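What follows is the residue order along each chain.
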Amino acid sequence: MFVLVEMVDTVRIPPWNFQRQLNDAIAEELNKKLANKVVYNVGLCVCLYDITKLDDSYIFPGDGASHTKVNFRYVVFHPFLDEILLGKIKYCSQEGVHVTMGFFDDILIPPESLQQPAKFDEAEQVWLWEYETDEGAHDLYMDQGEDIRFRVTDEMFVDTSPTGPAAAETPAQPGQSTAPPAEEVVEKKEAPYTLIGTICDPGLGLLSWWNS
Amino acid sequence: MEVKNANAAMLSNYEVFKLLTDLKEKRKDSGKNKNSAGQQNLNTIMYETLKYLSKTPCSRQNPEIVKEFLTTMMPHKLTKAEKLQLLNQRPQTAVEIQLMVEESEERLSEEQIEELIQTVADVLPGDPEQENAAPADAEMEEAVQQS
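Residue numbers (the UniProt record's numbering), protein chains in the order written: chain A, 1 to 212; chain B, 1 to 147.
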């Protein structure tokens, strides 16, 4: 679930932190920069593990801060493919079942990866598994907040770093552009790191399904 | 920033739990001084991760238990990732073992799976509340709560 990642970075320590231990000041700067952030193709950063190497610090003309090249190791949430994880159902939608682990939210189990046959209940906005027994089908609901076990099948990293303004498709014409811009603003925020899961195997799905 | 090795090592949940608990203590000791400004991100992820991990079996493990577990797993010829998952999740049923061990039908006989479940249950401490609190377990729970 968690991995160690080796990284190198140049850390800037402002002069008012010079009275502190260099290690502590650097650890704090690194945590400030990386904690709870997704690094592209690496995963969700949790906290600093240790500093492995400190180069000499430099002070450049015109800036009182010191710059130090640091080799360090960071704890990162990055489950491997086919790993089994536990989470809670956040909510269900047409796209599938959305799962959260508390510190990480962007987990989706698409409809084709649910226990089959699966059905979406429009009225209650919930997915259910039409489990067949000898006495007929049982509807097993996947309610919000239930504990769920799933297998990681895929991961998606999206580069969400800011881009330049969209190509000038709509040259602003006076007195015309009032409604369209509003829509663009509402454009959905894309998750930088999404896990795709499956529960289409015996033992996967709500914990209560397999306890009895 | 440069990433030298995106997967230097895998960490068990216990290691992360220990690291975060220690870090939290350290930050509490140093008090809420001016240095903690701008660390909301760290505080958030620390709180959320600890909340998640404290509900998993790793909150009742310690280095000796982990070591003993890995030693007893030697004869089973499992991969590192498989052992890590067993350690993190403490499976109690055959169906869970089959999920975590790849091609378990070919690699493990039914007796071996039973044996695995037994070792996992013996070596790794379970949830005392769930297991109707054997006296030894109850003590452990207190220790966990106090810490």
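Honestly, the hints are just simulated from the structure, not real lab data. Mixed in with the good hints there might be a few duds.
Said to hold, decoys possible - Under the rule of at most 16 Å between Cα atoms (straight-line distance), these lysine to aspartate or glutamate pairs were calculated in the EDC-like manner:
(1) 51/B <-> 82/B
(2) 55/B <-> 146/A
(3) 55/B <-> 147/A
(4) 69/A <-> 22/B
(5) 28/B <-> 24/A
(6) 26/B <-> 121/A
(7) 77/B <-> 48/B
Keep in mind it's a predicted model, so treat the numbers as computed, not measured.
Can you name, in rising order, the numbers of the hints this structure does not satisfy? Failing hints, ascending: 1, 4, 6, 7.
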